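Chemist: All residue numbers for the sequence shown refer to our numbering, where the first residue is 1 and numbers rise by one.
What the hints contain is simulated information worked out from the structure, not anything from laboratory work. Mixed in with the good hints, there may be bad ones.
[To be verified] Now the in silico label distances, taken between C-beta atoms and shown as ranges:
(1) K171 - H94: 27 to 35 Å
(2) R70 - K119: 17 to 25 Å
(3) R164 - D33: 31 to 39 Å
(4) H45 - R70: 14 to 22 Å
(5) T130 - V25: 24 to 32 Å
(6) V25 - D96: 14 to 22 Å
(7) Q184 - K21: 36 to 44 Å
(8) P153 - I46: 31 to 39 Å
(9) K76 - S9: 14 to 22 Å
(10) V52 - K21: 15 to 23 Å
(11) N182 - D4: 20 to 28 Å
(12) E154 - K176: 19 to 27 Å
(13) T130 - K92: 16 to 24 Å
(14) D60 - N182: 17 to 25 Å
These figures come from a predicted structure and were not determined experimentally. Beta carbons: idealized from backbone N, C-alpha and C, even for Gly.
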Amino acid sequence: MTLDVIRKSIINDSANSSFTKKGWVPVYTANEDARILIIGQAPGHIAQESTVPWNDKSGDNLRTWMNINRDTFYDKAKIALVPMDFYFPGSKEHGDMPPRKDFAAKWHPKILACMTHIKLTILIGQYAQTHYLEENRKETLTKTVRAYKDYLPEYFPLVHPSPRNNIWQKKNPWFKEDVLPNLQKVVIKALW
1 MTLDVIRKSI
11 INDSANSSFT
21 KKGWVPVYTA
31 NEDARILIIG
41 QAPGHIAQES
51 TVPWNDKSGD
61 NLRTWMNINR
71 DTFYDKAKIA
81 LVPMDFYFPG
91 SKEHGDMPPR
101 KDFAAKWHPK
111 ILACMTHIKL
121 TILIGQYAQT
131 HYLEENRKET
141 LTKTVRAYKD
151 YLPEYFPLVH
161 PSPRNNIWQK
171 KNPWFKEDVL
181 PNLQKVVIKA
191 LW
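The whole structure should be built from the sequences, with the hints applied where relevant.
Modeler: Structure follows, in structure tokens:
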């Protein structure tokens, strides 16, 4: 199955019909040549409206963390952006709703099977880490991120780059001092 066929299948899936009726398209990028895979939660409302993943302040922060520019980030032959759900799930009182639980299990294996050149998978947030690290993740997100070296070279766990996590970053100075410089090194190595 090709990536184009998979995208059409996602759009035509009855589980996604409410989104399709709104005129929404799945928000993700995937290319057979991609070397880095970024798995986050689900697109926010800005990303859904623009149809561009990470097209918000969180994306700006993530690009800064990775030390790459916007052109490199959106170069599909270099970086694939495949969240746990490809549609904006809606909002709740303190942020967005979580991605649907069965979505990644249904679509990720098909997409990942087409991308055989991935050297590094960046797992952003609790949902991606729970799904991919399973019993190997630590008891908290903070401990998982702090133990990032345990998951290399395949995975690199991160907190969400939302501006809401600035308080978390202030409480955990090791993140900027240790994690981000090493993230930048492995990103450069995977890209080139």
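Chemist: Please go over all the hints and tell whether each is borne out by the structure.
Modeler: Cross-check of the supplied hints:
1. K171 - H94: 27 to 35 Å: Hint violated: Cβ distance 18 Å, outside 27 to 35 Å.
2. R70 - K119: 17 to 25 Å: For K119 against R70, whose Cβ atoms are near 21 Å apart, the range 17 to 25 Å holds.
3. R164 - D33: 31 to 39 Å: Because 34 Å falls inside the window, the suggested range holds.
4. H45 - R70: 14 to 22 Å: holds, 20 Å
5. T130 - V25: 24 to 32 Å: Hint holds: Cβ distance 26 Å, inside 24 to 32 Å.
6. V25 - D96: 14 to 22 Å: Between V25 and D96, where Cβ atoms are some 18 Å apart, the hint holds.
7. Q184 - K21: 36 to 44 Å: The hinted range 36 to 44 Å holds for Q184 and K21, with Cβ atoms some 42 Å apart.
8. P153 - I46: 31 to 39 Å: holds, 33 Å
9. K76 - S9: 14 to 22 Å: Hint holds: Cβ distance 19 Å, inside 14 to 22 Å.
10. V52 - K21: 15 to 23 Å: holds, 22 Å
11. N182 - D4: 20 to 28 Å: With Cβ atoms ~36 Å apart, the hint is violated.
12. E154 - K176: 19 to 27 Å: holds, 24 Å
13. T130 - K92: 16 to 24 Å: For T130 and K92 the Cβ distance comes to about 19 Å; the hint holds.
14. D60 - N182: 17 to 25 Å: holds, 21 Å
Hints 1 and 11 from the earlier list are contradicted by this structure; the remaining hints agree with it.
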